[in-house]
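Modelling step: build the complete structure from the supplied sequences, incorporating the hints.
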Amino acid sequence: MNTDKAYILGLIIGGGVWGNAEDVFKIRLPFKQWGSYELNPKRAGDIARDVMKMVGPLLKAIYNLSISYDTSASGVWNILCEGDLSELRAELEGYGIWCEGEIRKTAHIDNIVSELVDDNLKRRFLAGLADTIGSTKRSHRRFNDNKQMVSFEISGFGFHFVCSLCRLLHSIGCYPDQILWNHPNFHCGNNPYDKKWKKGFKLRVYLDQYEKFGAFAFVSKVLSLKENQILEADRNVAVPCDKRVMKTPSVTCVHCDENSELLPEVIRGGHYLHNRHVCAVLGCEHAPYDEVKKLMSKAEYCINPFPVLTKGTEREIKKIIELEPILKNRTYEKMDVKIADLYKHSEEESIWGDGDEAGYPFSKIILAIAYVIAAKTGQVNGLRPKGSKDRIIHDYLEKFSDGQVTIWLPELMTPLVVQMDRYAAMVGPDNPKIYKKLIQISDENEYKLTVRSITEEDLK
Amino acid sequence: MKKNEIAHYPEITRFIEAQLQSNFRAEGINDIDIFWKNGELTSGLKALIQEHPAECACLVKYSEITPSLNLDIFGVVTNGIQYEIVILEIKLRTAVGLSEWSQLIGYNLVSDAKYGLLINIDAGASDRLARILSFDEDISRIVRKRKNGAAIEHLLGFMQWNSVTQNFEYSNLGQISSLSLLSTILIEQFRSRLEQENNNS
Numbered sequence: 001m002n003t004d005k006a007y008i009l010g011l012i013i014g015g016g017v018w019g020n021a022e023d024v025f026k027i028r029l030p031f032k033q034w035g036s037y038e039l040n041p042k043r044a045g046d047i048a049r050d051v052m053k054m055v056g057p058l059l060k061a062i063y064n065l066s067i068s069y070d071t072s073a074s075g076v077w078n079i080l081c082e083g084d085l086s087e088l089r090a091e092l093e094g095y096g097i098w099c100e101g102e103i104r105k106t107a108h109i110d111n112i113v114s115e116l117v118d119d120n121l122k123r124r125f126l127a128g129l130a131d132t133i134g135s136t137k138r139s140h141r142r143f144n145d146n147k148q149m150v151s152f153e154i155s156g157f158g159f160h161f162v163c164s165l166c167r168l169l170h171s172i173g174c175y176p177d178q179i180l181w182n183h184p185n186f187h188c189g190n191n192p193y194d195k196k197w198k199k200g201f202k203l204r205v206y207l208d209q210y211e212k213f214g215a216f217a218f219v220s221k222v223l224s225l226k227e228n229q230i231l232e233a234d235r236n237v238a239v240p241c242d243k244r245v246m247k248t249p250s251v252t253c254v255h256c257d258e259n260s261e262l263l264p265e266v267i268r269g270g271h272y273l274h275n276r277h278v279c280a281v282l283g284c285e286h287a288p289y290d291e292v293k294k295l296m297s298k299a300e301y302c303i304n305p306f307p308v309l310t311k312g313t314e315r316e317i318k319k320i321i322e323l324e325p326i327l328k329n330r331t332y333e334k335m336d337v338k339i340a341d342l343y344k345h346s347e348e349e350s351i352w353g354d355g356d357e358a359g360y361p362f363s364k365i366i367l368a369i370a371y372v373i374a375a376k377t378g379q380v381n382g383l384r385p386k387g388s389k390d391r392i393i394h395d396y397l398e399k400f401s402d403g404q405v406t407i408w409l410p411e412l413m414t415p416l417v418v419q420m421d422r423y424a425a426m427v428g429p430d431n432p433k434i435y436k437k438l439i440q441i442s443d444e445n446e447y448k449l450t451v452r453s454i455t456e457e458d459l460k
Numbered sequence: 001m002k003k004n005e006i007a008h009y010p011e012i013t014r015f016i017e018a019q020l021q022s023n024f025r026a027e028g029i030n031d032i033d034i035f036w037k038n039g040e041l042t043s044g045l046k047a048l049i050q051e052h053p054a055e056c057a058c059l060v061k062y063s064e065i066t067p068s069l070n071l072d073i074f075g076v077v078t079n080g081i082q083y084e085i086v087i088l089e090i091k092l093r094t095a096v097g098l099s100e101w102s103q104l105i106g107y108n109l110v111s112d113a114k115y116g117l118l119i120n121i122d123a124g125a126s127d128r129l130a131r132i133l134s135f136d137e138d139i140s141r142i143v144r145k146r147k148n149g150a151a152i153e154h155l156l157g158f159m160q161w162n163s164v165t166q167n168f169e170y171s172n173l174g175q176i177s178s179l180s181l182l183s184t185i186l187i188e189q190f191r192s193r194l195e196q197e198n199n200n201s
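First to last, the protein sequences are chains B and F.
When we follow the UniProt record's numbering, the leftmost residue of the first sequence carries the number 1, and every step to the right adds one.
When we follow the UniProt record's numbering, the leftmost residue of the second sequence carries the number 1, and every step to the right adds one.
Since the hints were made in silico from the structure, they are not lab data.
Remember, it's a predicted structure, so these values are computed and weren't measured experimentally.
Even glycine gets a Cβ: it sits at the ideal position worked out from N, Cα and C.
Just to be clear, a hint being listed does not mean it is correct.
Said to hold, decoys possible - Simulated pairs of lysine-lysine, DSS-like, Cα-Cα distance not exceeding 27 Å:
| no. | chain 1 | residue 1 | chain 2 | residue 2 |
| --- | --- | --- | --- | --- |
| 1 | F | Lys2 | B | Lys212 |
| 2 | B | Lys298 | B | Lys247 |
| 3 | B | Lys344 | B | Lys334 |
| 4 | F | Lys91 | F | Lys61 |
| 5 | F | Lys3 | B | Lys42 |
| 6 | F | Lys2 | B | Lys226 |
| 7 | F | Lys2 | B | Lys42 |
| 8 | F | Lys91 | B | Lys226 |
| 9 | F | Lys3 | B | Lys53 |
| 10 | F | Lys61 | B | Lys212 |
Stated by the list, open to error - Have a look at the derived ranges for each label pair, beta carbon to beta carbon:
| no. | chain 1 | residue 1 | chain 2 | residue 2 | range |
| --- | --- | --- | --- | --- | --- |
| 11 | B | Gly283 | F | Thr184 | 48 to 54 Å |
| 12 | F | Asn198 | B | Lys294 | 33 to 39 Å |
| 13 | B | Pro240 | F | Asn198 | 16 to 22 Å |
| 14 | B | Lys293 | F | Pro53 | 55 to 61 Å |
| 15 | B | Ile230 | F | Arg131 | 38 to 44 Å |
| 16 | F | Arg144 | B | Asn20 | 49 to 55 Å |
| 17 | F | Lys3 | B | Lys198 | 31 to 37 Å |
| 18 | F | Thr184 | B | Leu383 | 55 to 61 Å |
| 19 | F | Asn198 | B | Glu261 | 28 to 34 Å |
| 20 | F | Arg144 | B | Met52 | 50 to 56 Å |
| 21 | F | Asn198 | B | Lys198 | 55 to 61 Å |
| 22 | B | Gly45 | F | Gly80 | 34 to 40 Å |
Pasting the structure below:
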């Protein structure tokens with residue numbers, strides 16, 4: 001190991017794609033719009049310069065490889081590396097990294113990390129990773145422009161890889177703010193029927209933190225970092241994971257893919273309440289175990305065995321109900337309700353419950369109403385209303401002050417349906433006393449929580 | 001406001017030192033010190049001996065025989081017993097050419113320093129220098145024979161400092177194509193001398 005190899009290893013772990021050819025592999029830079037020559041021609045020029053002036057001579061000096069590159073309007077760049085790869089292959093295999101396919105999807109970095117004997121070597125390795133998969137897209141802000149992020153974007157299901165990377169950052173004092181795990185509880189927390197949850201991992205670090213402890217070797221990345229930093233009013237300081245308080249998270253549904261074979265065994269079958277709950281299940285030494293336990297002790301307030309909010313056409317919602325006996329075998333009372341009457345309630349309240357903490361949350365009913373209005377009036381991007389829910393409802397009520405939605409209310413506490421014309425949304429009830437009965441702790445892992453399916457008997 | 005070349009000295013030496021130290025540590029060598037001085041060589045050496053007597057006492061003899069020489073930067077890599085001198089010739093030009101390379105050669109020959117790096121900030125080498133260094137190995141690896149038959153080797157290289165990324169961009173011009181190669185040569189040298197001394201004792 002040396003400092004130049006550490007950087008190259010970072011590049012290869014982040015972007016290395018190996019095929020059958022003996023003497024060529026590529027480093028894919030998945031920059032998308034950020035690096036597109038159509039959308040950002042100046043930046044594309046910088047990237048080309050980075051590839052030819054920095055990566056090329058480095059690979060030549062260390063492994064005697066020659067490079068060329070290609071790119072497309074989509075903003076994906078490929079650095080083609082050619083030459084005798086035997087030394088590089090042998091080194092990678094020595095670290096237990098097999099030169100097959102897209103490396104970051106399967107790689108374990110623990111063997112490499114153990115050779116990064118000081119902070120500088122760690123930073124060099126991180127710089128290689130950051131130059132490939134560390135996104136400085138402006139949209140990675142948190143809440144507003146004042147909190148800009150570097151987001152390490154990792155596809156695949158390498159939970160251990162992400163955990164190792166997070167620990168590596170932690171070890172140099174660069175504390176990640178949040179991990180978006182590639183798991184349905186995080187990508188599809190509202191809709192248990194949404195199969196499009198495989199959106200990859202995002203390990204987010206405050207830009208200011210990363211600048212201080214990490215590095216980029218690409219000029220294009222450094223310039224982008226500086227542009228984003230200008231938007232911040234103050235410098236952001238991150239707190240170590242074990243010192244952070246975990247706020248009670250939003251309610252998430254129990255997703256049909258929690259048992260997906262794609263998930264590693266340690267994760268599979270579990271339901272996760274918070275991103276740091278996953279860290280505890282993975283056994284990270286920095287996980288806030290006490291906070292996770294506290295959260296688990298009130299997990300019934302954070303889960304829903306039904307959809308939290310599922311949106312679609314009336315036909316799509318009906319189809320879901322048809323396929324689920326517990327939804328199908330209900331008697332639904334049809335009620336036409338004035339939107340203005342529902343909208344005046346506080347979002348903290350719930351309605352149509354049994355008074356024992358059970359009920360349908362107004363916050364979700366309002367979102368459902370906003371969706372059906374937006375869908376009816378052509379203000380949606382897919383299933384997402386364009387603009388804020390309040391503006392959409394407000395504008396609608398200004399035109400139609402007596403506007404109504406149809407509510408289909410079941411006789412047991414299963415999801416209700418909000419409908420307007422051809423559009424509908426399903427809202428699941430909060431029912432902590434009943435949901436508590438569904439929760440179990442795994443025998444193998446005291447932090448792993450499983451939620452069994454709900455039955456009619458549970459609700460009676 | 002654009003910085004002059006001297007304003008870049010600290011960031012460049014800090015970076016080189018961090019890379020060399022990491023590479024020594026990665027090889028299990030933890031007792032190396034690296035010191036930098038700007039300006040005149042002999043007075044710089046004497047200052048180092050005074051400031052770090054334990055680590056730099058091995059420089060005493062060298063400081064007495066080496067001639068006075070004005071350098072941009074020189075570095076001393078030492079384990080307290082052995083040392084090596086690395087000369088950095090830093091430029092802030094649109095391109096560096098043969099005259100800057102000649103300057104570096106001159107400094108290394110006069111001082112007997114084994115290693116020399118010509119570093120241009122945010123720019124590369126002239127076409128002529130690039131061509132010469134690409135095709136003539138002897139211009140960056142010079143072996144001199146003293147009257148007493150002892151050989152002195154000088155290894156030189158050219159690199160570009162990127163002031164935006166605070167990182168080196170290699171040119172593959174000259175014998176020292178990378179900082180990791182410089183580290184490898186230094187490590188081998190320190191190890192073999194230590195082995196020699198152990199065998200002698």
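Here is how each hint holds up against the structure:
Between F/Lys2 and B/Lys212 the CA atoms are separated by roughly 23 Å; this keeps the pair inside 27 Å, and the hint holds. With a CA separation close to 12 Å, the supplied pair B/Lys298 and B/Lys247 stays within the 27 Å bound. A threshold of 27 Å between alpha carbons decides the hint, and for B/Lys344 with B/Lys334 the separation of about 21 Å falls inside it, so the pair holds. Between F/Lys91 and F/Lys61 the alpha-carbon distance is near 31 Å, which puts this suggested pair outside the 27 Å criterion.
In summary, the hint linking F/Lys3 to B/Lys42 is supported, as the alpha carbons are separated by about 24 Å, within the 27 Å threshold. Between the alpha carbons of F/Lys2 and B/Lys226 the distance comes to roughly 17 Å, so the proposed pair stays at or under 27 Å and holds. Of the supplied pair hints, the one linking F/Lys2 and B/Lys42 holds, its CA atoms being roughly 22 Å apart against a limit of 27 Å. About 26 Å separates the Cα atoms of F/Lys91 and B/Lys226, which keeps this hinted pair within 27 Å; it holds.
Restraint check for F/Lys3 and B/Lys53: satisfied, since their Cα atoms lie roughly 22 Å apart, inside the 27 Å limit. At roughly 42 Å between alpha-carbon atoms, F/Lys61 and B/Lys212 are farther apart than 27 Å, so this suggested pair is violated. Remark: the range hint 48 to 54 Å for B/Gly283 to F/Thr184 is contradicted by a beta-carbon distance near 37 Å. Take F/Asn198 and B/Lys294: their Cβ atoms lie about 59 Å apart, and the range 33 to 39 Å is violated.
Judged by the Cβ atoms, the range 16 to 22 Å given for B/Pro240 and F/Asn198 is violated: they are separated by roughly 45 Å. A hinted range of 55 to 61 Å holds for the C-beta pair B/Lys293 and F/Pro53, which are about 56 Å apart. The hinted range of 38 to 44 Å is satisfied by B/Ile230 and F/Arg131, whose Cβ atoms lie roughly 42 Å apart. Checked against the hint of 49 to 55 Å, the C-beta distance between F/Arg144 and B/Asn20 comes to roughly 51 Å, which is consistent with it.
As the Cβ distance of F/Lys3 to B/Lys198 is approximately 48 Å, the hint placing it in 31 to 37 Å is violated. Look at F/Thr184 against B/Leu383: about 57 Å separates their beta carbons, and that is inside 55 to 61 Å. F/Asn198 and B/Glu261 have their C-beta atoms about 58 Å apart, which leaves the hinted 28 to 34 Å range violated. Judged by the Cβ atoms, the range 50 to 56 Å given for F/Arg144 and B/Met52 is violated: they are separated by roughly 37 Å.
Distance hint check for F/Asn198 and B/Lys198: the Cβ-Cβ separation is about 59 Å, which falls inside the suggested range of 55 to 61 Å. For B/Gly45 and F/Gly80, the hinted distance range of 34 to 40 Å is not satisfied, since their beta carbons lie about 49 Å from each other.
In summary, the numbered hints that this structure violates are 4, 10, 11, 12, 13, 17, 19, 20, 22.
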